[in-house]
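Add chain B to chain A, keeping to what the hints say.
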Amino acid sequence: MAANKNKNQSSMALHKVIMVGSGGVGKSALTLQFMYDEFVEDYEPTKADSYRKKVVLDGDEFQIDILDTAGQEDYAAIRDNYFRSGEGFLLVFSITEYESFTATAELREQILRVKAEEDKIPLLVVGNKSDLEERRQVPVEEARSKAEEWGVQYVETSAKTRANVDKVFFDLMREIRAKKMSENKDKNGKKSGKNKKSFKERCCLL
Amino acid sequence: MSRSRQPPLVTGISPNEGISWTKVTIRGENLGTGPTDLIGLTICGHNCLLTAEWMSASKIVCRVGQAKNDKGDIIVTTKSGGRGTSTVSFKLLKPEKIGILDQSAVWVDEMNYYDTRTDRNKGIPPLSLRPANPLGIEIDKERHSVVLCGNFSYNLLAKDLEALFPGMSADFTSENFSAAWYLIENHSTTSFDQLKMAVMNLKKQANKKNEGSLAYVKGGLSTFFEAQDALSAIHQKLEADGTEKVEGSMTQKLENVLNRASNTADTLFQEVLGRKDKADSTRNALNVLQRFKFLFNLPLNIERNIQKGDYDVVINDYEKAKSLFGKTEVQVFKKYYAEIETRIEALRELLLNKLLETPSTLHDQKRYIRYLSDLHASGDPAWQCIGAQHKWILQLMHNCKESYVKDQKGNSLLHSPMLDLDSDVRPSPLGHLSQTASLKRGSSFQSGRDDTWRCKAPQQVAFVEKLTKLVVIQLPNFWKLWISYVNGSLFSEIDKAHRNDFKMIQEVMQSLAKLIRGALLPFSLREGELRQYGGWEMKSELSGQWLTHVIQTVRLSYESLTAFEIPNDMLHIIQDLILDLRVRCIMVTLQHTAEDVKRLAEKEDWVVDNEGLTSLPSQFEQCIVHSLQSLKSVLDCKPGEASVSLVIYFFFPCILSVDVSSPDLFGSIHEDSSLSSEQRLLIVLSNCCYLERHTFINIAEHFEKHSFQGVEKITQISMESLKELDQRLFEIYIELKADPIVGSLEPGIYAGYFDWKDCLVPTGKYLFNNCVIILTEILTVLPKIVTKVDAIGEGRGGLQRCRIVCLSRIMGGTGSVI
Chain A
1 MAANKNKNQS SMALHKVIMV GSGGVGKSAL TLQFMYDEFV EDYEPTKADS YRKKVVLDGD
61 EFQIDILDTA GQEDYAAIRD NYFRSGEGFL LVFSITEYES FTATAELREQ ILRVKAEEDK
121 IPLLVVGNKS DLEERRQVPV EEARSKAEEW GVQYVETSAK TRANVDKVFF DLMREIRAKK
181 MSENKDKNGK KSGKNKKSFK ERCCLL
Chain B
1 MSRSRQPPLV TGISPNEGIS WTKVTIRGEN LGTGPTDLIG LTICGHNCLL TAEWMSASKI
61 VCRVGQAKND KGDIIVTTKS GGRGTSTVSF KLLKPEKIGI LDQSAVWVDE MNYYDTRTDR
121 NKGIPPLSLR PANPLGIEID KERHSVVLCG NFSYNLLAKD LEALFPGMSA DFTSENFSAA
181 WYLIENHSTT SFDQLKMAVM NLKKQANKKN EGSLAYVKGG LSTFFEAQDA LSAIHQKLEA
241 DGTEKVEGSM TQKLENVLNR ASNTADTLFQ EVLGRKDKAD STRNALNVLQ RFKFLFNLPL
301 NIERNIQKGD YDVVINDYEK AKSLFGKTEV QVFKKYYAEI ETRIEALREL LLNKLLETPS
361 TLHDQKRYIR YLSDLHASGD PAWQCIGAQH KWILQLMHNC KESYVKDQKG NSLLHSPMLD
421 LDSDVRPSPL GHLSQTASLK RGSSFQSGRD DTWRCKAPQQ VAFVEKLTKL VVIQLPNFWK
481 LWISYVNGSL FSEIDKAHRN DFKMIQEVMQ SLAKLIRGAL LPFSLREGEL RQYGGWEMKS
541 ELSGQWLTHV IQTVRLSYES LTAFEIPNDM LHIIQDLILD LRVRCIMVTL QHTAEDVKRL
601 AEKEDWVVDN EGLTSLPSQF EQCIVHSLQS LKSVLDCKPG EASVSLVIYF FFPCILSVDV
661 SSPDLFGSIH EDSSLSSEQR LLIVLSNCCY LERHTFINIA EHFEKHSFQG VEKITQISME
721 SLKELDQRLF EIYIELKADP IVGSLEPGIY AGYFDWKDCL VPTGKYLFNN CVIILTEILT
781 VLPKIVTKVD AIGEGRGGLQ RCRIVCLSRI MGGTGSVI
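The listed protein sequences correspond, in order, to chains A and B. Count the first sequence with UniProt numbering and you get residues 1 to 206, in order. Count the second sequence with UniProt numbering and you get residues 1 to 818, in order.
For reference, chain A alone in the conformation it holds in the complex (with noise of 0.2 angstroms):
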């Protein structure tokens, strides 16, 4: 039965996410908010852990794969592999520290050039740390401005309330989803400008 389960798992479909952002931002406590509902308080730097588990997205059974990665610039060389396998990215920075506000821009542009040869990358802007509204540094309409210049969403999350946070992976999901599903009918058929637009809209909707 195990193997069969094995064999169910295997056989779904997978988003492979990368948690993207400045040291201390909270991409650990946001991922393991995420995945098993609980908040550390206690801070440890990361190296780079996997995650993943299987999720019910509007009705379908996806499989997200969770890469945390460092944000300590030590790891900054070897981002590149980590970014080159990834299908979507969480930019995340934290409301109360501006310079990991400011630091997102950079990680973009790093992730724009790993992968280069693909026009749209699922990406979300992400603002931790929002139940510390008495120390926020980054004010809301900048980081959404700089998101709308991006063309991306912008949305401010807490890993200690788990507020927005099923939303952020959601909503990533759901543009890694839309991309391959493009991607998909891009190598079946030429009709895909004008799903695209509508998968557009939907994105846009949710």
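Worth flagging that the hints you see were computed from the coordinates, not collected in a lab. Each hint should be verified, as a subset may be incorrect.
[Unchecked claim] The calculated DMTMM-like cross-link candidates involving lysine to aspartate or glutamate, where the alpha carbons are at most 25 angstroms apart (straight line), are: (1) B:K23 to A:E38; (2) B:K59 to A:E44; (3) B:K23 to A:E41; (4) A:K115 to B:E17; (5) B:K208 to B:E53; (6) B:K204 to A:D42; (7) A:K16 to B:E29.
[Claimed, not checked] Computed, partial: chain B to chain A, Cβ under 10 angstroms: (8) T11; (9) G28; (10) T87.
Here the structure is a predicted model, which is why all the values come from computation and not from measurement. By construction, the Cβ of each residue, glycine as well, lies at the ideal position given by its N, Cα and C atoms.
Chain B only, in chain A's frame:
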């Protein structure tokens, strides 16, 4: 409950890769209901159950073991859920470090290895797994932030605590663990309720541990059985081996073995380390030797090169060593450098000796002087060399003289000393020097005649030849050396006092001149000098011929010396010598000629030829011509020599006086002859006439041929003296002849009672007859007496006139008698 039935599922791993003994956090679902529920955990096929710590149903912390596979699943097995699955995998990285027991070709610093294992910051030791928070309650946030922010304030706190609990520690793994300190440090603000909870937690954990180990034993029951079996097997084996007979307990024996092993290891490593140290020091020494090989080898190299004669190399090396190590502070280098200095000092002495050693060539001398100046020898080697050379030349000259003098005093017939002297002269410097053509001529001239010459040549002549040859060969060298010294091309500083100091060359010249003078012109030297330079036995004067030869020799040497551009004021000495020699030669020759001429008289045989002459005039002519010929070369004026014509003027009257005196001799020896004195006088008269008319003209021609000046004057003087002689002779003759006539006349006069007053016509028949007899006598002896008489100026013409002349003379003579 149904949930617990679900098999465990690992969905997360942190980190997803790492080396062995990496602490990993496994997250997932249904990871067991409690620590006891967890009965299996493998990562990449390695059982990690021993290190696993069950935190919750979704979290297990463990350490990755020495897995075989690089990448693999994490399989959790629980009692409640059975064997689980994994959605994530772990990648085992190869350890970068060389293990403690791995073989390695390089020296591994083990400190790093131990550091990683004992570093507290990176995690607690693998087997002492303790939760960071043993009380299970929240640690003071304040303290956390302090730790995060920095160590400064934390250190302050720690100091205070240390003062409060001396010798204790807040580390709960320490033996001196102080619970109070720990609580103050970590839970100073925690409420009492919280602390109560902590106590509960601790109790729970203690229970858990017990249960855990029990579960572990249960889980690995078979392993324990196996272990027990193995132990009993070992025990049996030990008993079988009779180990109990061995004295001491087994542990002691083991300890001994271990100690021995340790000792062996120590000795092994000591050996290895000792070898390494030795190798290091050897390498260092070799490096030093290699780097300063040049210096260390230098003394030997210097020795070798000195033996080979490569002084250039030695000097180069020395210069290099001097610049490199001249001011060194290193003891070894100092020592070696001192060694080198002593060797160079020895070399300097050697070179100086070689330089001062004679005979040597100019080339060698220059070379040695250059070496010495390159070696910064003290003093002025060039000047020393010049001095030595000078002394040597003088010595050589004196030796030459001494050997010849000895030779002369000893058996002068033996010529072996000359050969000795030959060997004394330096081998053949001629090859090195560009000898002038004249010098070559001179040498060939000398050598060409050597064999025949030497046998006959007097010692003085041979000596002069040898001496001049010596000087001509040696002096140019000396002069060149001098010139290059003055030019400054001898690399040594020129002493200004030496620059214009020609004393040495002058001295050489002087001694040359004096030696020759001592040999040939002893009277021209002062007494003291004579003792020094002379010493010749003056048995016999040298003949003019030999003197001419000597003059030629000296002239040749003079020529070759002028070719070396030796200043004139030095050559004046030689010139004076030559002049003196020439004068001397002329004098000797003339004296000889005079003596010869004198001796001619003795040879008179009074044989009259058909012209009424004896052989005497022609012999005289021959004599004069011969002496002229021998004088010719002497009288020749070489350029730069003072003319000696004045000498001729001075000396010719001498010859002529001899000429004049010679007929006197004719007269003085007439007694021995068979002929009458009258006849002899007539012959002499005839000879004189011939002399005047032929011989003098011939001689004058000869003089002209030999290009003497003032021939007319000489001729004139000689003519005058001849005339005077002729006159005297004639008068003597007339007197001689007149006396008998007057005697024969007188009786006649007195017989006839001749009175000058009444004497009418001379009845001179008898007288006439007598006169005729005399005339015939004259004519028989001298058919040409008439012409001779004519030449005297008594009138020309026939017999009559002669008669008249005779008569008138006779009459005059008679008259005077009367």
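We went through each hint and held it up to the structure:
no.	hint	in the structure
1	B:K23 to A:E38	holds, 20 angstroms
2	B:K59 to A:E44	holds, 15 angstroms
3	B:K23 to A:E41	holds, 19 angstroms
4	A:K115 to B:E17	holds, 24 angstroms
5	B:K208 to B:E53	holds, 10 angstroms
6	B:K204 to A:D42	holds, 22 angstroms
7	A:K16 to B:E29	holds, 20 angstroms
8	T11	holds, 4 angstroms
9	G28	holds, 8 angstroms
10	T87	holds, 4 angstroms
The earlier numbered hints are all upheld by this structure, with none contradicted.
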